[in-house]
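Undergrad: Residues per chain are reported as follows:
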Amino acid sequence: MSHPDRSDPGLLNKLLDKIRRYDGPPLTIMEVCGTHTVSIARMGLSALLPKGVSLLSGPGCPVCVTPVDIFDEAIYLAREKDVIIATYGDAMRVPGSETSLLEVKAGGGEVYPVYSTTDALDLSQKNKNREVVFIGLGFETTSPTVAHALITAKNLGVNNFSVLSAHKVLLPAMEALLLDPEVKIDAFLCPGHASMVLGWRCYEELAEKYGTPSVVAGFEPHEILLAINMLLAQAKEGAVRVENAYPKAVSEEGNTSALNLLERVFKKVDSKWRGLGMLPGSGYELSDEFADYDARRRFLSGVKFDSSEPAGCSCADVLRGVIAPAQCPLFAKRCTPKDPVGACMVSSEGACGAHYRYREV
Amino acid sequence: MQKRITTAHGGGGEEMRELISGLFFKYFSNPYLEKLNDFAKVDISSRRIALSTDSFVVEPWSFPGGNIGDLAVCGTVNDISMSGATPLYLTCGFILPEGMPLEDLEEIVSAMARRASEAGVLIVTGDTKVVGRGAGPFINTAGVGAVPDGIDIGGEMAKVGDEVIVTGAVGSHGIAVLSKREGLSFSTEVLSDCAPLNKMVAALIENGIIPKVLRDPTRGGVAGALNEISVQSGVEIEIEDEAIPIEQGVRSACDMLGYDPLHIANEGCMLVVVSQKDAQRALELIQSCKYGEGAARIGRIAEGAPRVTAKTLLGTKRLVDPPSGELLPRIC
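Residue numbers (this note's numbering), protein chains in the order written: chain A, 1 to 361; chain B, 1 to 332.
To be clear, the hints were calculated from the coordinates, so they are not data collected in a lab. Just so you know, even glycine gets a beta-carbon here, dropped at the ideal spot from N, CA and C. Any given hint might turn out to be false.
Not the full set, but computed from the structure, chain B residues with beta-carbon under 7 Å of chain A [stated by the list, open to error]: (1) 179; (2) 182; (3) 185; (4) 256; (5) 316; (6) 321; (7) 322.
Cross-link-like lysine-lysine pairs, in silico, DSS-like; alpha carbons within 27 Å at most [said to hold, decoys possible]: (8) 180(B) x 128(A); (9) 184(A) x 236(A); (10) 311(B) x 51(A); (11) 35(B) x 338(A); (12) 268(A) x 18(A).
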């Protein structure tokens, strides 16, 4: 038996007190990762921060940063190409230009939520006379699992499985935010999961170039509070360092075998992000070795979507941390988890979804 | 060769009679059922009765900690019990897919018999239909219970100052079914909490504790049930995040999939709203019952607009919304 927030209350109070006594320069910290956003919202931390210190939700929710085009492509595949679509569940509710995969499924389309790429590959083996397309979303946290499944598929000679890759590279997005004149970020609370693959040292170049203290954080409440304390300590002494507050999971150089998988299966390409637009070298497309498993090359040649965000939706500004979710005119009015307008309200770890679900009173 | 359900088993002829006498009588033996009428005549010595019906379509039909048979009995027993009534008799309708192995049906029926005996209810009449392959088995049960005089329990009865107790760890059933359905494994195996709660309700009433509200937080979870009660009673319900019992396995599964444990279905715990003066005694009585060891006081009824709020770990207050839509796993 345990309780929802497992951290030791004594330790938590000590860490929180220290944050509240902070008297250094103002500091805007961006939590890059959606899981951090949820954890912070759930424990109600924002209301307790001292004056001058604020937390901004960043672009680390995979479903949220995926542009509408990808959902339109997937919907097109499900409707026009008679393929089976396998996808992480939360992508099903994201509105495309006209409809969502969930609605396509309700209308008889074959769209299945899966828990991993391996499940999608299994689906293709159970349906050998059909094409199964997996929608690959997410950062370096999920892309190695896709790479692994693709290598398995190739080794087994599977010929009815492919991936519609919308995988993203984390660092170019962080740099784009630092370069954005509308966005003010003084420090990064770096993601725990993605850093397990990338290693903590990868943030050093950005930290040095832009003078941005960065601390990798775990997901338990005390781990987040500890990392924030480390950022505040750096700010107070005027230091700029990359520190690792999640050493039980994150190493200096990351997971070499996962990085090798990425290297082999994907190639970095310019990629469109919801909110951030086109960023050079920020997406993962399947490498030529895996061209046969690339759903875009197999089914979408000559088909091009250039879809735009839903009217009135401020996801673009939310994702960049320009506005807080509650500042969007649609928030909790026209846009709720039940009937989302924008992707940030759809995902359980989207900034709007998390702020809505755990909104303070 | 393995014996299987065929369309003949639902056809009203010899095969159906064999199924009834060979399997259903074997497990559900009681004089009402064995009269072989299309109805059951029962005696109920109570001025008021409680009725309930529920259909069970869980996929997969067997999961860690139980099967659809356990659910079909416990679910209706619990629904009746939430009125304070003593559940007495159940009806049972099977909708079985052609080709279903008879030994699977026997596993389900024996679970039903075990649960009925545990809860002290009789399955007194039933029906069997066979449908094409591809879905099921499905079970519908309906039940009737006797409401003791002077007992008036309902979602609209919560008053400012009352306390909220949950009788066991939350979220286990939903996660157990999900783990089996999707072949997921978590740090520790999560078992469904499926259990009949009528003895626990009786223990409270027999000891003079009359709850204001009883609610089993099945679909929609604790968050859904509390929101319903807050609306029915027109009150705010304040809970404490830290007070809610959650097993580690449920916790890790929810972390991994992006679910809120308060949104996950339960089948063997209930929410009990009692007056403040009864709260500690009620907790002790519940904890002394089978299935009540993990009970905890989790919050209270407050003045305010109908809503549910939670005191967070850090002492701030947040809203607790009911879940919306199907729970879909997130990416990472």
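Undergrad: Each hint needs a verdict: does it hold in this structure or not?
TA: Right, here's what the structure says about each hint:
About 10 Å separates the beta-carbon of residue 179(B) from the nearest beta-carbon of chain A, more than 7 Å, and the hint is not met. The criterion of a C-beta within 7 Å of any C-beta in chain A is met by residue 182(B), whose closest approach is roughly 5 Å, and the hint holds. A cut of 7 Å between beta carbons decides the hint on residue 185(B): the least distance to chain A is about 11 Å, and the hint is violated. Hint status for residue 256(B): violated, given a least beta-carbon distance of 9 Å to chain A, over 7 Å.
Look at residue 316(B): its Cβ gets to within about 3 Å of chain A, closer than 7 Å, so that hint holds up. At about 6 Å, the closest approach between the beta carbon of residue 321(B) and any beta carbon in chain A falls short of 7 Å, and the interface hint on this residue holds. Using the Cβ-Cβ criterion of 7 Å, the hint placing residue 322(B) at the interface with chain A is not satisfied: the shortest such distance is roughly 10 Å. Our distance criterion of 27 Å between C-alpha atoms is met by residue 180(B) and residue 128(A), whose separation comes to about 24 Å.
Our distance criterion of 27 Å between C-alpha atoms is met by residue 184(A) and residue 236(A), whose separation comes to about 18 Å. For the hint pairing residue 311(B) with residue 51(A), the CA-to-CA distance comes to about 22 Å; that is within 27 Å, so the pair holds. Of the pairs offered as hints, the one joining residue 35(B) and residue 338(A) is violated, with about 50 Å between alpha carbons and a cut-off of 27 Å exceeded. This hinted pair does not check out: residue 268(A) and residue 18(A) have alpha carbons roughly 42 Å apart, beyond 27 Å.
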